[in-house]
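So you can see what is in the structure, the chains are spelled out below.
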Amino acid sequence: MNIRVAKTSTSPTTSPPVATETFVKKRIGATEIAILAMATAIYTVLAMLNAGFTIAGLALIYVPYAFAVVAAMWFGVWGAMGAYFGTVLMSPFWGYGYPIGAVFGVPDVLSPIIVGLALRKLSIDPTLRDKRSFFLWILIGALVAPSIEALTAMPVFIALGWYTPQYAFTYGYALYVCGDALGLIIVGTILMRALSGYMTKTSLYFKNFIYRQVESA
Amino acid sequence: MYSLYVKRNNFICNLNPVTKTVIPFSLMLLGIISSYLVVDLIILAVSVLLLVLSRLSAATLRPYLRTIAFLSIVFSINWLFFSTGTGAPIFVIGWLKVTEHALVATLTGITRLLIFILTSILYMGTISTSELIEGLRKLKVPYIVCFILMMAMRFFPTLAADLNMIKEAQMSRGTEFEKGSPILRAKKTVAILIPLLVLSFRRVAVISYGLEARAFTPSLRSLNRTFFKESPMRPRDKVIVTVCIVAFVGMAIYEILRGNFGVGGAGGVV
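Read top to bottom, the protein sequences are chains H and A.
Counting in the working numbering, the first sequence runs from 1 upward without gaps.
Counting in the working numbering, the second sequence runs from 1 upward without gaps.
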C-alpha cells in the first residue's frame with residue numbers, strides 16, 4: 001500500500017521558477033511485515049522462556065512486555081503488534097488456549113502502543129541518556145501503561161473463572177503491574193540504552209509511529 | 001521448540017486442515033461459553049478421546065501436564081481462599097470456609113484449563129505449518145495474517161538455534177543463567193537478548209529485501225493466492241465441521257436464552 005505525498009519546491013535560480021517534485025513514500029510493505037513477524041517470533045519465544053518466572057499464574061518479571069515496548073519505540077506500531085500475535089501463539093504454554101490468547105492479545109498490545117505513541121509525542125531520547133527521558137520512560141512505561149493493561153486483562157481472568165474478583169483486583173492486579181514494571185525497568189531500560197543508538201542508524205528504524213518514510217525522486 | 005507436529009497416519013491426522021482447525025477451536029469456544037460443569041466435563045472427555053485417536057506420544061504431553069498441575073493448584077487456592085463464601089459451606093477449618101460454590105468454581109476453572117491446553121496440544125500436534133495456513137485461509141482469515149503467523153513460526157527454529165548458540169557462548173565466558181534471584185536471572189537474560197535482537201533484525205533486513213525483490217505486497221492482489229497442494233474436503237470432513245458448528249451455535253443460543261452467556265466462568269453451575 002503506497003501513499004505518495006508530493007512535496008513541491010521551487011528552484012532558487014532565475015525566472016521562470018521550475019517546480020521539481022520529491023516523493024515521500026508513506027508505505028506499508030515487506031519490511032513492515034517482516035518486522036511484525038520477527039517481533040511476533042521473539043515475543044513468543046521470550047514468553048515461553050518467561051513461563052519459569054511465574055507466581056500464582058502471573059509473571060513476577062515479564063520480559064516480553066519489555067521487548068514489546070522497546071520494539072514499539074524502534075519499529076512503531078509494527079513492533080508493538082508483535083505482542084498481539086505473540087500472545088496468541090504463546091497462549092497454550094500459559095494455559096490459555098488460542099481463543100483466549102486472541103482476547104488477551106488486546107491488553108498486551110495496548111500498553112506498547114500507549115508507550116510508543118506517548119513517548120514519541122513527548123520526543124524523548126531513545127537512548128534514555130537525559131533525566132527527562134528516563135523519568136518519562138519509567139512513568140509511562142512502568143506505571144501508566146501496565147496499570148491500564150492490567151485493568152483490561154483482569155476481567156478476562158474473572159470471566160474465565162480462574163480468578164475471583166477479590167483476588168483479581170488486589171493481588172492479581174498488583175502482580176500484573178509489578179511483573180510488567182520490573183520487566184521494563186530491568187530489561188527494557190538496558191535494551192534501550194544498549195541498542196537504541198544502533199537501531200536508530202539502521203534502515204529499519206521508524207521515525208513515525210506507522211509509516212517508515214522513504215524519500216525518492 | 002514450538003512445533004509438536006510429527007506426520008502420522010491416523011484418523012485425526014488425515015482430516016482436512018479446515019476440519020483440523022474447526023475441531024479444537026469449537027471445543028475451546030464451547031468450553032468458554034458453557035456455564036455447566038457437566039458440559040465442560042463432556043467437552044473434556046471428547047478432547048481426551050481425540051488426543052487418544054491422534055496417537056500423540058505421552059512424552060509430548062508431559063511438560064503441559066506439569067503446567068496444568070501447577071495452575072490447578074493456583075486456581076484452587078485462589079477460589080478457596082479468596083471467594084466471598086456464597087453457597088452452603090461443605091467444611092470449615094478455622095477461618096477457611098469451603099463452600100459448594102467455591103468448589104464448583106474451582107472444578108470449572110480446572111476443567112476449562114484442561115480443555116484449553118489439551119485442545120491446543122491436539123491442534124499443534126496434528127497440523128503442519130502449511131496445513132495450518134491452508135486451514136486458516138479457507139476459513140477466510142486474511143492472507144496477511146496467515147502470512148505473518150507462518151513467517152513467525154518459520155522463525156522459531158532459527159531463533160531457538162541463535163538463542164542456544166548465544167547462551168553457550170555466554171556460558172563459556174562464565175555466565176551462570178540458572179543461579180541467583182529472579183531479578184538477577186532476568187538481568188542475565190539481557191546478555192542473551194542484545195545479541196539475539198541484533199542478529200534477528202539483521203535477518204529481517206535481508207528477508208525484507210528478498211520479499212521486495214520478489215514483488216511481495218501486502219495488498220488486496222494477494223487475496224487470490226493459490227496453494228501448491230490442496231487437501232480435498234471429504235464427506236466425513238463436512239459431517240464433522242457441521243456437527244462442530246451446530247454444537248457451538250446450539251450451545252450459544254441455549255446460553256443466551258438462559259441468560260448465562262459470557263458469565264459461566266464466574267462460578268459455574270453443576
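Calculated from the structure, these hints are not laboratory results.
All C-beta atoms in this analysis are idealised placements derived from N, C-alpha and C, irrespective of residue type, glycine included.
Hints are not guaranteed to be accurate.
Computed from the model, here is a short list of chain H residues facing chain A with C-beta under 10 angstroms [to be verified]:
1) V45
2) A71
3) W74
4) G82
5) L117
6) T152
7) Y173
8) A174
9) F209
Below, a list of computed lysine-lysine pairs in the DSS-like style, where the Cα atoms sit at most 27 angstroms apart [stated by the list, open to error]:
10) A:K238 x A:K167
11) H:K131 x A:K167
12) A:K238 x A:K138
13) A:K140 x H:K201
14) A:K7 x A:K238
15) A:K188 x A:K7
16) H:K201 x H:K131
17) A:K140 x H:K131
18) A:K167 x A:K187
Evaluated hints:
1. V45: holds, 5 angstroms
2. A71: With a closest approach of 9 angstroms, the A71 (chain H) hint holds.
3. W74: holds, 8 angstroms
4. G82: holds, 8 angstroms
5. L117: violated, 21 angstroms
6. T152: violated, 16 angstroms
7. Y173: violated, 13 angstroms
8. A174: With a closest approach of 13 angstroms, the A174 (chain H) hint is violated.
9. F209: Since chain A brings no Cβ nearer than about 18 angstroms to F209 (chain H), farther than 10 angstroms, the hint is violated.
10. A:K238 x A:K167: violated, 48 angstroms
11. H:K131 x A:K167: violated, 33 angstroms
12. A:K238 x A:K138: holds, 13 angstroms
13. A:K140 x H:K201: Answer violated: K140 (chain A) to K201 (chain H) is near 39 angstroms, above 27 angstroms.
14. A:K7 x A:K238: The hint holds at about 23 angstroms.
15. A:K188 x A:K7: violated, 38 angstroms
16. H:K201 x H:K131: Between K201 (chain H) and K131 (chain H) the Cα gap is close to 23 angstroms, so the pair holds against 27 angstroms.
17. A:K140 x H:K131: violated, 49 angstroms
18. A:K167 x A:K187: Roughly 14 angstroms separates the two Cα atoms, so the pair holds.
The earlier numbered hints that this structure contradicts are 5, 6, 7, 8, 9, 10, 11, 13, 15 and 17.
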